[in-house]
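**Q** What follows is each chain in one-letter form.
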Amino acid sequence: MSVEALVKEYSNMLFRICMVMLCNEQDAQDVLQDTFCRYLERAPGFNDKEHEKAWLIKVATNRCRDIHRQRRRHPWIDIDEVTASCEMPEQSEVLEALVRLPDKTKIVTYLHYIEGYKISEIAPMLGISAQAVKKRLQRGREELRLRL
Amino acid sequence: MREDIKNLQDAVNTIRITESMEAEIIQKVKSGAGKKRHPFPRMAAVALVILLLGLLPVPVRALVRSFIQARMEEVPEEEMASIVDEANHSTANADSLSRPYTEEEKRRLKELASLYKKGTFPKGELARVDSVEEAERLGFCFLAPSSMFYLPDRELTDEEMLQIIDFHAKRYYALEQYVEENYGDEYRVQSPREIREQRKEEIAENGGITEEKAVAAAKEWLLKIYGVDGESLECRPLLSEYVPIAGKTLFYRVMYLDASGQQRYSFFIDVEDGGLASAKRYAENGNEAFTAVEEDACLPGLEREAASFAKELLQMTYEDIYAAYYRVDEILSPTVSFLFVRGDGGAFTLEYSWDGSFVGFEESRFSTYQEEYEDRKASAEWTEKMSHGGEERDVSFFLEKVED
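If you read the protein sequences in the order shown, they are chains Y and X.
The numbering used here numbers the first residue of the first sequence as 1 and each following residue consecutively.
The numbering used here numbers the first residue of the second sequence as 149 and each following residue consecutively.
Hints were generated in silico from the structure; no laboratory data involved.
Please note: incorrect hints may appear among the correct ones.
Listed next, the in silico DSS-like pairs over lysine-lysine satisfying Cα-Cα at most 27 Å (straight line) [claimed, not checked]: (1) X:Lys-176 / Y:Lys-58; (2) Y:Lys-49 / Y:Lys-106; (3) X:Lys-154 / Y:Lys-106; (4) X:Lys-154 / Y:Lys-58; (5) X:Lys-318 / X:Lys-266; (6) X:Lys-525 / Y:Lys-135.
Treat the numbers as computed from the prediction; the structure is a model and nothing was measured.
Throw the hints in and build the complete structure from the sequences for me.
**A** Structure representation (structure tokens):
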């Protein structure tokens, strides 16, 4: 697949994940560049499109985690950067609630409720057990109810 | 909850990558620029200094009179214009460093930024150059066309670090002034945060309570209901306009979190009269599952506890009480809800975990307790289904009238 086709097919989906995880456009753009570069350098053979998409999500979320570790002492987030595009206030409120979740809970919640992945699919993507996914999803539901 | 998920999906769909960003990514990936030249992320390198100064994201008009502002106002207009011109003509999207700061430099930058805010300024200025040759000759400067800070291979001196801090402060101030003067209100689109702040002012002007009063009310309820002193907890107040409770939607939502983030409390305070509309406690580990045998033993005690709580602490009146809970595969729901039915058919609920811990209080948004119960049933079925990978679960529901 050409670089153009690759970026056009997956950049929007990955950009959303990165913005929710990082709340920063510059960092999100960096992660996307890294992710696509790794795809060109090291991507394994894929069984199908879903396999390819899952691989890209895994690389991007790992990279988001790396940036968080670097940021931990000097957090650089602006929730408004993520919610500014929301047209309706109730969307902005619920998106803010998602963004404020702890990272481990947030990514599982996002992949399940936004991307529609099942627990059994999320587990290998993030390198954790299905039980851990279930537990984080439950926390995500509880915390979203709390923040709303 | 389902409506929230729909709102969430719609909200996430509003986040879109721009065509220009996409084109830039394509270009950089093709040229191999996606591989980092600097191991230190570019934004973090610069953000470090700006954060230390506490400059962002405060807009200029909101800056409190300070040593820094006084210094900025002494900078000649020509210099400010030159700074803006450089920023506008730079080919880089963001600043970068010729090498990352060392740990010692980061520590010292933080100390010096604090001193800078109190009026400790550099003796000289960071040189700004236009060519790589000049930058390499000087060794310590700012290369304007590519927005790169050239740092020497040795540790930076205090004077050099102060010059870097001073440079950032001037540039930030110059750009903010430029935008304010040239675009004014056209540029200033209100952020959701600004809209909320404006809304809070309107509420107070129209006779509603302030955020401070809501926080004070929530703190009192935290102590009264849960026996917890809010002084030791992190407090997060927020204006909530879309969560319906008892026919209203405008509340201050005040959350308290302990240091570990494990124990959380949430209060919805009515903006009109400061009354409590909802209180809830959340624990990290959730509640232990109880079997049906233990339910029979626990329920009478919980009923008495709930009735006492409603009468004495909340001073609510009611006519009937119903206990609502469910069972899946012989495992009880994590909590039991007591629906207190008023004379007009409306209701409020008190929720308890089976070990007797009080979880929460909420005014029902429905006009009858039966509707409240049906909503809770639907929510429980969906929760159980989603927590089991989308499989339908055989859930048995119980609604039992509590006898006096």
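**Q** It remains to establish, for every hint, whether it holds in the given structure.
**A** Results for each hint:
{"no.": "1", "hint": "X:Lys-176 / Y:Lys-58", "result": "21 Å, holds"}
{"no.": "2", "hint": "Y:Lys-49 / Y:Lys-106", "result": "24 Å, holds"}
{"no.": "3", "hint": "X:Lys-154 / Y:Lys-106", "result": "17 Å, holds"}
{"no.": "4", "hint": "X:Lys-154 / Y:Lys-58", "result": "25 Å, holds"}
{"no.": "5", "hint": "X:Lys-318 / X:Lys-266", "result": "16 Å, holds"}
{"no.": "6", "hint": "X:Lys-525 / Y:Lys-135", "result": "22 Å, holds"}
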